[in-house]
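Student: Here are the chains, one letter per residue:
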Amino acid sequence: MINYFFRRLLLTIPVLLGITLLTFLVMHLTPGSPADTMTDMNLKVSAQAKSRLAELYGLNKPLHVQYVRWLGRIVRLDFGNSFRDERPAIRKIAERLPATLLLNILSMGLILFIAIPLGVLAALYQKKLFDTVATIGVYIGFSIPAFWLALMLMILFGLKLGWLPLSGLHSINYDDLSLPGKCLDLARHLVLPVFISAFTGLAGLTRYTRSSMIDVLKQDYIRMAYAKGLPRRRILFHHALKNALLPVITIFGLSLPGLIGGGFIFETIFAYPGMGRLGYDAIMARDYPVVMAVGVIVAFLTLAGNLIADMSYAIADPRITLK
Amino acid sequence: MLRLLKQKSALAGLIIILALIGGGICAQILSPCDPAQQHVVKRLQSPQAGYLMGTDDLGRDVLSRMLHGIRVSLGVGIVAVGIMVIIGTLLGLTAGYCGGLIDSIIMRFVDIVLCFPTFFLILIVIAFLEPSLYTVMGVIGITSWPGLARLVRAEVLSLRERDYIAAAKMLGLGRARLIFVHILPNVISPIIVAATLGVGDAILTESGLSFLGLGVQPPVASWGQMLTTGKEYIHIAWWLSLFPGCAILITVLAFNLLGEGLRNALDPKQL
Numbered sequence: 000m001i002n003y004f005f006r007r008l009l010l011t012i013p014v015l016l017g018i019t020l021l022t023f024l025v026m027h028l029t030p031g032s033p034a035d036t037m038t039d040m041n042l043k044v045s046a047q048a049k050s051r052l053a054e055l056y057g058l059n060k061p062l063h064v065q066y067v068r069w070l071g072r073i074v075r076l077d078f079g080n081s082f083r084d085e086r087p088a089i090r091k092i093a094e095r096l097p098a099t100l101l102l103n104i105l106s107m108g109l110i111l112f113i114a115i116p117l118g119v120l121a122a123l124y125q126k127k128l129f130d131t132v133a134t135i136g137v138y139i140g141f142s143i144p145a146f147w148l149a150l151m152l153m154i155l156f157g158l159k160l161g162w163l164p165l166s167g168l169h170s171i172n173y174d175d176l177s178l179p180g181k182c183l184d185l186a187r188h189l190v191l192p193v194f195i196s197a198f199t200g201l202a203g204l205t206r207y208t209r210s211s212m213i214d215v216l217k218q219d220y221i222r223m224a225y226a227k228g229l230p231r232r233r234i235l236f237h238h239a240l241k242n243a244l245l246p247v248i249t250i251f252g253l254s255l256p257g258l259i260g261g262g263f264i265f266e267t268i269f270a271y272p273g274m275g276r277l278g279y280d281a282i283m284a285r286d287y288p289v290v291m292a293v294g295v296i297v298a299f300l301t302l303a304g305n306l307i308a309d310m311s312y313a314i315a316d317p318r319i320t321l322k
Numbered sequence: 000m001l002r003l004l005k006q007k008s009a010l011a012g013l014i015i016i017l018a019l020i021g022g023g024i025c026a027q028i029l030s031p032c033d034p035a036q037q038h039v040v041k042r043l044q045s046p047q048a049g050y051l052m053g054t055d056d057l058g059r060d061v062l063s064r065m066l067h068g069i070r071v072s073l074g075v076g077i078v079a080v081g082i083m084v085i086i087g088t089l090l091g092l093t094a095g096y097c098g099g100l101i102d103s104i105i106m107r108f109v110d111i112v113l114c115f116p117t118f119f120l121i122l123i124v125i126a127f128l129e130p131s132l133y134t135v136m137g138v139i140g141i142t143s144w145p146g147l148a149r150l151v152r153a154e155v156l157s158l159r160e161r162d163y164i165a166a167a168k169m170l171g172l173g174r175a176r177l178i179f180v181h182i183l184p185n186v187i188s189p190i191i192v193a194a195t196l197g198v199g200d201a202i203l204t205e206s207g208l209s210f211l212g213l214g215v216q217p218p219v220a221s222w223g224q225m226l227t228t229g230k231e232y233i234h235i236a237w238w239l240s241l242f243p244g245c246a247i248l249i250t251v252l253a254f255n256l257l258g259e260g261l262r263n264a265l266d267p268k269q270l
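First to last, the protein sequences are chains S and Z.
Following numbering that gives the first Met the number 0, the numbering of the first sequence begins with 0 at its first residue and continues without gaps.
Following numbering that gives the first Met the number 0, the numbering of the second sequence begins with 0 at its first residue and continues without gaps.
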C-alpha cells in the first residue's frame, strides 16, 4: 500500500511540471505581448518605454529563461501582480476561492445525495418505467445549456415570482444582518447556482452507479446470498451497494474539473464572485498574471482531487495496489 | 443496427438528428424569410401567422434564423468531433501499441490536459485569436481528444495480447498494417460511441462560446448568439430565448440518447 502511494505520488511530479509548462506556453505563444496590451491604449508611449516595460517583466529574455524564472516565483506562490489593479494575483484568487469551493462542495454533496439512490433504483427497476424516466431526466440535465437554464430560472424565480435574489452572493444590506439572517441570505443566493450545477452534473454519476450496480447484481456472490436466504434489503444494501460504489470514487475525482470549469459561464451570469468569473474577466482583459494563476491553481486542485480519489480507492479496494 | 432501433430513446434521437440534418440542408427552401433581412418596423413581434417564432430586435424572422442555425451547430459539432477522433485515435493507438517511453509521454500529456477545465483552455485560445466559425471548430476539436485517447489506449492494451495479433505478427505483417487493419477495426465501437456523445458536447460548447460573443460572428445566425440577444430582451420577448434554448437542448439530447443507444447496441454486456 505504502509502495503504491509512493509510486502514485511520483507520477504526479511530471504532471505538475507539465501543468505549469502548458500554462506558460499557451500564454506566451498566443499573439500579442503583455507589454503591448498595457500600452496599446496610450498613444504617447514611446518604443523605449515599451522596451523598458518588456525588460521589467523579463519579456526580452529567451522563453526557457522566462519559464524557469516564472517557475521559481510560483513555487513561492508569487504569481505576479494583476495588470488591472496591481494587486497580487494570488491575493485575488484567495478572495474568490472560498466562494467557488462552497458552491462546488454543496453541489457535489447534492449530486451524491441524488445520483446514488437514483442510479441504484434505476438498476433495480432496469428497463421499467422508473429507469426510463430517470435516464431521460438525467440526460436532459446533461444536455441543457447551463447558462440558458440559469437565465430561465432567474427570470422565473427572481423576476416573475420574486422568491430568490438575482445575482451575487450577498445582499446589499448583508453586513447589517444578524447571524441567522446572514446564513439565510447566503442560502437564498446559493439555491439557484447549486441546483443548476448539480442538475447539469447529475448524469455521469447516476449512469455509472446504475451500470455498476447492474454488473454487481449479476455476480455469483449475490446469487449465493439469495440462496442462503438473506433478506433482499440486506443483500442490496450490504452486499451489492458497497461493491457497486467502489468505482464511483474514481468517477467523482474525474468530475472535478468539469464542476470548476462548468462554472465559467454561469458564474458570469449570476455575477457569482468565484474563480470561474475571475478567470473569465482576466482572459477578456488579457490580464496575463491572473489568467496563469487561475489556470495553475485550478489544475493543481484537480490533480490533488484525483490523487485523493485514487488513494481512497486503494484504501477501499486493496486489490488495486497489487497491480 | 436492429439492436439500436429496438431502443425507443435511441430511435427518437436518431429521428431527431435526421430531421435536423434535413432541416439544415433545406434551410434555404424551408425558411419563410431571408435570415439576415431586417424589417425594423416589425421588430420584436410575438409569434403569429407569418412569423411562427416571432421576430428579433432587428425585425429578423426567428424561424428562418433557427433553421440556418442548424447548419452552424451541426457543422461545428461534426467538424470538431472529426478533429477529436483523428487526434485521439492516432495518439491512443500509438500509445497502446508502442508502450514504453512513448506510451508514458503521451499518457502524461493526456493527464496534464485533463487537469484543466476544457472550457478554460478553449476560452484562452479563442480570446487571443480572431473568433470565427473555423476557430471555434478547430479549438473545440484540439482540446477535446484526451478522453478518447485514453479510451482507445485501454482497448488496444487488451487487444495487443490476443492470439490473432500474435499470429498476424508471426506472418510478418508490417506495423502499420497490423495497427490499422487488425487493431483499429476492433476498437471502432467505443470510438463511434465517444464521437456521437462528443457531437452533443461540441454543440453545447459552441453555444456557450457564441453566447459570450466569442463564437460565430454576426450576421451568421447561431443559436447561442441568438440567446445573447434573447437575454437583453427577456422581459418583453420570451420567444427570443425560449426557441434557441430548446433547440440546443433537443439537439444535444438527441445525440446523447443516440450515443447511449449505440453503447448498448455495440456492447452486448449492457443489455
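Do not take every clue at face value.
[Stated by the list, open to error] Below, a list of computed lysine to any residue pairs in the SDA-like style, where the Cα atoms sit at most 20 Å apart:
(1) Z/K5 to Z/G23
(2) S/K217 to S/K227
(3) S/K60 to S/I73
(4) S/K227 to S/H237
(5) S/K159 to Z/L1
(6) S/K127 to Z/L10
(7) S/K126 to Z/K7
(8) Z/K5 to S/T131
(9) S/K181 to S/P97
(10) Z/K5 to S/V190
(11) S/K127 to S/D214
(12) S/K241 to S/R231
(13) S/K126 to Z/K230
(14) S/K159 to Z/E231
(15) S/K241 to S/L178
(16) S/K126 to Z/Q6
(17) Z/K7 to S/Y124
(18) Z/K5 to S/I135
(19) S/K126 to Z/L1
(20) Z/K7 to S/H237
(21) S/K181 to S/K127
(22) Z/K230 to S/L158
(23) S/K127 to S/I115
(24) S/K159 to S/V190
(25) S/K241 to S/I73
(26) Z/K5 to S/F129
(27) Z/K5 to Z/A167
[What the hints assert, rightly or not] Which chain Z residues face chain S? A few, computed with CB under 8 Å, are given here:
(28) L1
(29) I111
(30) C114
(31) F210
(32) L226
(33) G244
Simulated from the structure, these hints should not be mistaken for lab results.
Backbone N, C-alpha and C fix where the C-beta goes; we use that ideal spot for every residue, glycine too.
Student: Work down the list of hints and note, for each, if the structure agrees.
Tutor: Hints and how they fare:
1. Z/K5 to Z/G23: Given pair Z/K5, Z/G23 is violated - Cα atoms ~27 Å apart, limit 20 Å.
2. S/K217 to S/K227: OK: S/K217 and S/K227 at ~16 Å, within 20 Å.
3. S/K60 to S/I73: holds, 18 Å
4. S/K227 to S/H237: holds, 14 Å
5. S/K159 to Z/L1: violated, 48 Å
6. S/K127 to Z/L10: Holds: S/K127 and Z/L10 sit about 18 Å apart, inside 20 Å.
7. S/K126 to Z/K7: It holds: about 11 Å lies between the C-alpha atoms, which stays within 20 Å.
8. Z/K5 to S/T131: holds, 14 Å
9. S/K181 to S/P97: Holds, because 16 Å separates the two Cα atoms, which is no more than 20 Å.
10. Z/K5 to S/V190: Roughly 40 Å between the alpha carbons, so the hint for Z/K5 and S/V190 is violated.
11. S/K127 to S/D214: Between S/K127 and S/D214 the Cα gap is close to 17 Å, so the pair holds against 20 Å.
12. S/K241 to S/R231: holds, 15 Å
13. S/K126 to Z/K230: Roughly 40 Å between the alpha carbons, so the hint for S/K126 and Z/K230 is violated.
14. S/K159 to Z/E231: holds, 16 Å
15. S/K241 to S/L178: Roughly 40 Å between the alpha carbons, so the hint for S/K241 and S/L178 is violated.
16. S/K126 to Z/Q6: This hinted pair holds, its Cα atoms lying about 10 Å apart.
17. Z/K7 to S/Y124: holds, 17 Å
18. Z/K5 to S/I135: Holds, at roughly 17 Å.
19. S/K126 to Z/L1: holds, 18 Å
20. Z/K7 to S/H237: The given pair, whose Cα atoms are some 34 Å apart, is violated under the 20 Å limit.
21. S/K181 to S/K127: Status violated; Cα separation ~45 Å.
22. Z/K230 to S/L158: holds, 13 Å
23. S/K127 to S/I115: holds, 18 Å
24. S/K159 to S/V190: Roughly 17 Å separates the two Cα atoms, so the pair holds.
25. S/K241 to S/I73: violated, 42 Å
26. Z/K5 to S/F129: holds, 19 Å
27. Z/K5 to Z/A167: violated, 37 Å
28. L1: Violated. Min distance 17 Å.
29. I111: Holds. Min distance 4 Å.
30. C114: holds, 4 Å
31. F210: With Cβ-Cβ at 6 Å, under 8 Å, it holds.
32. L226: With Cβ-Cβ at 6 Å, under 8 Å, it holds.
33. G244: holds, 4 Å
Violation of the numbered hints given earlier is confined to hints 1, 5, 10, 13, 15, 20, 21, 25, 27 and 28; the remaining hints are satisfied by the structure.
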